[in-house]
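> Just so you know, the protein sequences line up as chains A, B and C, in that order.
The first sequence begins at 1 in this note's numbering and counts up one residue at a time.
The second sequence begins at 1 in this note's numbering and counts up one residue at a time.
The third sequence begins at 1 in this note's numbering and counts up one residue at a time.
Please keep in mind that the hints were generated in silico from the structure rather than gathered at the bench.
Among these hints, one or two may not hold up.
Stated by the list, open to error - Pairs of lysine-lysine residues, derived as DSS-like cross-links and limited to a Cα-Cα distance of at most 30 Å, are as follows:
(1) A:LYS101 x B:LYS111
(2) C:LYS227 x B:LYS249
(3) C:LYS338 x C:LYS327
(4) A:LYS167 x B:LYS87
(5) B:LYS66 x B:LYS124
(6) A:LYS167 x B:LYS96
(7) B:LYS87 x A:LYS157
(8) B:LYS87 x A:LYS101
(9) A:LYS157 x B:LYS96
(10) B:LYS111 x A:LYS167
(11) B:LYS115 x A:LYS157
(12) A:LYS42 x B:LYS96
(13) B:LYS96 x A:LYS58
Stated by the list, open to error - Stretch-level coverage of chain A by chain B, calculated; a stretch enters the list once three of its residues show a Cβ under 8 Å from a Cβ in chain B:
(14) 18–24
(15) 37–46
Given the structure is predicted, the values throughout are model-derived calculations rather than measurements.
Every residue gets a Cβ at the ideal spot worked out from N, C-alpha and C, and that includes glycine.
Listed below, chain by chain, are the residues.
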Amino acid sequence: MSEKKTNRRDFLFTATYAVGAVGVGATVWPMVDQMNPDASVKALASTEVDVSSVNPGKTITVLWRGKPVFIRRRTQEEITEARSVKLEDLKDPQKDEDRAKNPEWLVMLGVCTHLGCVPLDQKGDFNGWFCPCHGSHYDTSGRIRKGPAPTNMEIPKYEFVNANTIKIG
Amino acid sequence: MKNFLKIFSVFIISIGLSFNVNAAEKAEYLKTDWSFKGLFGKFDRGALQRGYQVYTEVCSSCHSMKYLSYRNLSEKGGPEFSEDQAKAIAASFEVKDGPNSDGEMFTRPGKLSDKFVMPYENVKAAQAANGGAYPPDMSVLVKARGGGVDYIYSLLQGYEDPPLGETLDDGVYYNKYMYGNKIRMANPLSDGLIEYVDGTEASIEQMSKDVTTFLMWTAEPHLEARHQMGFKAIIYLIILTALVYFSMKRVWSRVETKV
Amino acid sequence: MSDHEYTPKSKAGKWFNDRLPLLTLANHLTDYPTPKNLNYWWTFGGILTFCLITQIVTGLTLAMHYIAHADMAFESVEHIMRDVNYGWLIRYIHANGASMFFLAVYIHIFRSLFYGSYKSPREIIWIIGIIIYLLMMAAAFMGYVLPWGQMSFWGATVITNLFSAIPLVGEGIVTWLWGGYSVDNPTLTRFFTLHYLIPFLILGLVVLHIWALHVPGNNNPVGIDIKKPSKDTVPFHPYIVIKDGFALLMFMIVFAFFVFYTPNILGHADNYIEANPLVTPAHIVPEWYLLPFYAILRSVPDKLLGVVAMLSAILILAALPWLDTSKIRSAVFRPLYKQFYWILVADVLILGYVGAMPAEGLYLLVARVATAYYFLHFLVVLPILGYKEKTLPVPLSITDPVLGGSPNLATVKNKESLNN
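If we strip away everything but chain A, and leave its shape as in the complex, we get (with noise of 0.2 Å):
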């Protein structure tokens, strides 16, 4: 068999194999992406909260992406408390600014970053929250300060479209 004629042959062969492995990619990509988030879930990835009726030192708890959503209307104590804690007593370093761009409203997911627990309102050490799974203590910014959780719990991307209404997501 000459050169040219198995050149010529592994290329029909190599063609064929390339364009058919296309086509069972292009089958492939429906059956794996039908298993993501659908037109409808994805359709309430954000929701708006009428937080009128919340009053300074109120937090409420709403449903968001099916998780809880933390919104509490701080007291002028628990912001100046959050606002004066030196960062590197903190496990995990963050401004209150950075978490409350309005000082008054803490909006954040109320998700306990150890192992995914409610943490409780009011409670522990720092004036914050409590888990009571296995003991974090969160401040007045959700900020962990005591306990196994590794991070401070999560502020998702929010905004006030009105003086009364919040949109989360």
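Since the structure of chain A is provided, determine the placement of chains B and C on it from the hints.
Below, chains B and C alone, put in the same frame as chain A:
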């Protein structure tokens, strides 16, 4: 090969015959050009938006569209209203939600994620309000009728006086294209019934065509994606088939002529 | 088997193969000697395997989103069509895939009828095939109920009601099947479970079907026994693999046309209407692939006898290896049988056509004649033809252009020794 052709033609003929099945029983449907038919068929956005307007202003008081969500109105492949327009449309409807912290159900303005609000609570309420006849949900109506878009298009223009000597009960009307010719819905369209936002003249024919186009989309929102993917898939398969065919010939050339 | 001679090339391969001989199996399948004169009618076995895998994969992915409850089934299918990523594509592939599956299986069966593939020593392959076919029909019937449209509901009602024809225990069986006093939610949930199960039963039977085939080896268009391996055979890989691949691609083009351009043409519009126990559709019809049996069922005025006739129409196929008395396998050499074969094909197509029509007037008459003829073909024509027909001489081998003799090597050798 001869045998194959023989069998294939028998197969095709039998399929063809089976489609003429119900043709003898009904009048010939009115014909028009549908932009979404054919291999490269696409929806006319203007027709979809006008059709939505017809649905909302004429049909939605009795006919639900329960499988559609307001966000569908701004999604690709449909009327493609802007997201803000779709939001405004949604907000113009009151949606039931709840229970609230008092345990009560309440209503609120619609959101993009909500399904189209139904005119009646349930099927029985719809029947009660319409003399016992249920105005069918329109989400897949076009696929639920053998005649498809041609049937709906014709029916909307098919109201006429019953033939001489035939009297109809109260609440029953004569329609040339309705199966059995009797329909419980009064003629829903009349010339100039609505004022199209885009200024198109709202003749019965225009409204029939627009709302039917809209209904084709509600039944098959992914029609355009399906056509586009189909074209690519079949071209791809033809290319791969050719490659495999020549590979096959190359492989089999090693064997002396088959018997 | 001579496959014990195969040794894997790598050490790891040999270690594994000594414990579970999968590599030996793979080698057996790739080297498997296949007659080299197979025509394209033989590619449908591979196509059917593709159809089964397609249905299983699309079915599995649909099952991730489908809700098997009477109140939510229809809506969940619409959810799949509208919201699930590529849901519309997967659903249309699954629905049209069922039709393609039956198209392929009918071609596959009719191939066997023409070339005598059901004859000794392949009777068990054939019977396993009949069982697979019955399971396919059960799976398809139950699958069609799942969207809970008007045809789903009423088709289920009609077919399950058939069991009431059984004397004494009929009514009890129907109640047991329904899980209630009519087709309702309990019926739907159990149909979903069984619909999920059956394809895996089919998969197992397909393994047995191919295993049983590999004992005598494939039949071939001239229907003669051949030695394997020999100059009459080619190894399955690459020769048959690539030929099956080519045929499969052609099949997929047809499949793609249905899925992408006319996805609802083989279905029934009434199934886009939600099930309503108070309103019966004007014409209850099963999917096209069940129409011939529906025609046979309705052609008998008695309920029980109609059911018996319908079942017999399928079960009679199992007796085929014994009903057909001819010593010659392939219709290529049976000119009279060939004519009757094509008449049978026409008969089945006619039955399919009248199955879609109302069971009255001329349609009913034609259905009755066609039903009678169907049984006549198997019970009268075939047994007599085997004895009476003058067959054409059959070649001795596929490659040797020598005619004369029987398809059976032993008889030929005998004849040769007699001549010498």
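> Give a verdict on every hint.
Checked hints:
{"no.": "1", "hint": "A:LYS101 x B:LYS111", "result": "holds (27 Å)"}
{"no.": "2", "hint": "C:LYS227 x B:LYS249", "result": "holds (25 Å)"}
{"no.": "3", "hint": "C:LYS338 x C:LYS327", "result": "holds (15 Å)"}
{"no.": "4", "hint": "A:LYS167 x B:LYS87", "result": "holds (15 Å)"}
{"no.": "5", "hint": "B:LYS66 x B:LYS124", "result": "holds (15 Å)"}
{"no.": "6", "hint": "A:LYS167 x B:LYS96", "result": "holds (20 Å)"}
{"no.": "7", "hint": "B:LYS87 x A:LYS157", "result": "holds (21 Å)"}
{"no.": "8", "hint": "B:LYS87 x A:LYS101", "result": "holds (28 Å)"}
{"no.": "9", "hint": "A:LYS157 x B:LYS96", "result": "holds (27 Å)"}
{"no.": "10", "hint": "B:LYS111 x A:LYS167", "result": "holds (13 Å)"}
{"no.": "11", "hint": "B:LYS115 x A:LYS157", "result": "holds (26 Å)"}
{"no.": "12", "hint": "A:LYS42 x B:LYS96", "result": "holds (21 Å)"}
{"no.": "13", "hint": "B:LYS96 x A:LYS58", "result": "holds (28 Å)"}
{"no.": "14", "hint": "18–24", "result": "holds (count 4)"}
{"no.": "15", "hint": "37–46", "result": "holds (count 4)"}
In this structure, none of the earlier numbered hints is contradicted; all agree with it.
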